[in-house]
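Colleague: Protein chains in written order, with this note's numbering: chain A, 44 to 153; chain B, 63 to 177.
Derived from the structure by calculation, the hints contain no laboratory data.
Predicted model only: the values in this text are computed from it and were never measured.
A couple of the hints might just be wrong.
[Unchecked claim] List time: in silico PhoX-like cross-link candidates among lysine-lysine, alpha-carbon distance up to 20 Å:
no., chain 1, residue 1, chain 2, residue 2
1, A, K140, B, K98
2, A, K140, B, K81
3, A, K69, B, K106
4, B, K98, A, K113
5, A, K140, B, K129
6, B, K71, A, K140
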Amino acid sequence: SQQGEEDPQALSIQEGENATMNCSYKTSINNLQWYRQNSGRGLVHLILIRSNEREKHSGRLRVTLDTSKKSSSLLITASRAADTASYFCATFEYGNKLVFGAGTILRVKS
Amino acid sequence: DTAVSQTPKYLVTQMGNDKSIKCEQNLGHDTMYWYKQDSKKFLKIMFSYNNKELIINETVPNRFSPKSPDKAHLNLHINSLELGDSAVYFCASSQDGIGQNTEAFFGQGTRLTVV
Numbered sequence: 044s045q046q047g048e049e050d051p052q053a054l055s056i057q058e059g060e061n062a063t064m065n066c067s068y069k070t071s072i073n074n075l076q077w078y079r080q081n082s083g084r085g086l087v088h089l090i091l092i093r094s095n096e097r098e099k100h101s102g103r104l105r106v107t108l109d110t111s112k113k114s115s116s117l118l119i120t121a122s123r124a125a126d127t128a129s130y131f132c133a134t135f136e137y138g139n140k141l142v143f144g145a146g147t148i149l150r151v152k153s
Numbered sequence: 063d064t065a066v067s068q069t070p071k072y073l074v075t076q077m078g079n080d081k082s083i084k085c086e087q088n089l090g091h092d093t094m095y096w097y098k099q100d101s102k103k104f105l106k107i108m109f110s111y112n113n114k115e116l117i118i119n120e121t122v123p124n125r126f127s128p129k130s131p132d133k134a135h136l137n138l139h140i141n142s143l144e145l146g147d148s149a150v151y152f153c154a155s156s157q158d159g160i161g162q163n164t165e166a167f168f169g170q171g172t173r174l175t176v177v
């Protein structure tokens, strides 16, 4: 089953602009995580937000979580060409199963 | 030191062959996973092991058999390879997957091409 769904599927912006990606999920969660995948590489964990948190920051990343709407957003501020990657949200389903959304492909043009 | 390492990175093989992908983690984690990523980048969980015990077995053909000789290793053996098995396979580990607020660490992936 696919727990998280991201939109947009693809996003192309200019360097310096902000990028916002959204994720929706279906079941109740303990936490929601965001990962980045550079082309040809494995996934790298970016940030984890717990179900009792509404917002979390890490450097240029800002994550929000709305459990009433079962949705989350990832904002990358002042984007750089190096931010070009695919971004995935993920949640634990039935305790043990880390399930990923379809991902958003971000392209930052310099 | 690579936290989660999997070998080989690339694997090209003919239909009908049997192949294995190895995975090792040096993080001391209890839980390990195998994921399959298709051409559209969708990640599907295949298996999850906790302390060498199988805890998740998704709807995966029984041609796929995971083996965990110890909690630091989770290998994936695939019998009678089919064209549809072509994908990138990722190994991952986390401290404890059971309802914990922990992140997963991924290997670099194995790109399997069946011809």
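Colleague: For each hint given before, does the structure comply? Return the numbers of the non-compliant ones in rising order.
Modeller: Result: hints 2, 4 and 6 break, sorted rising.
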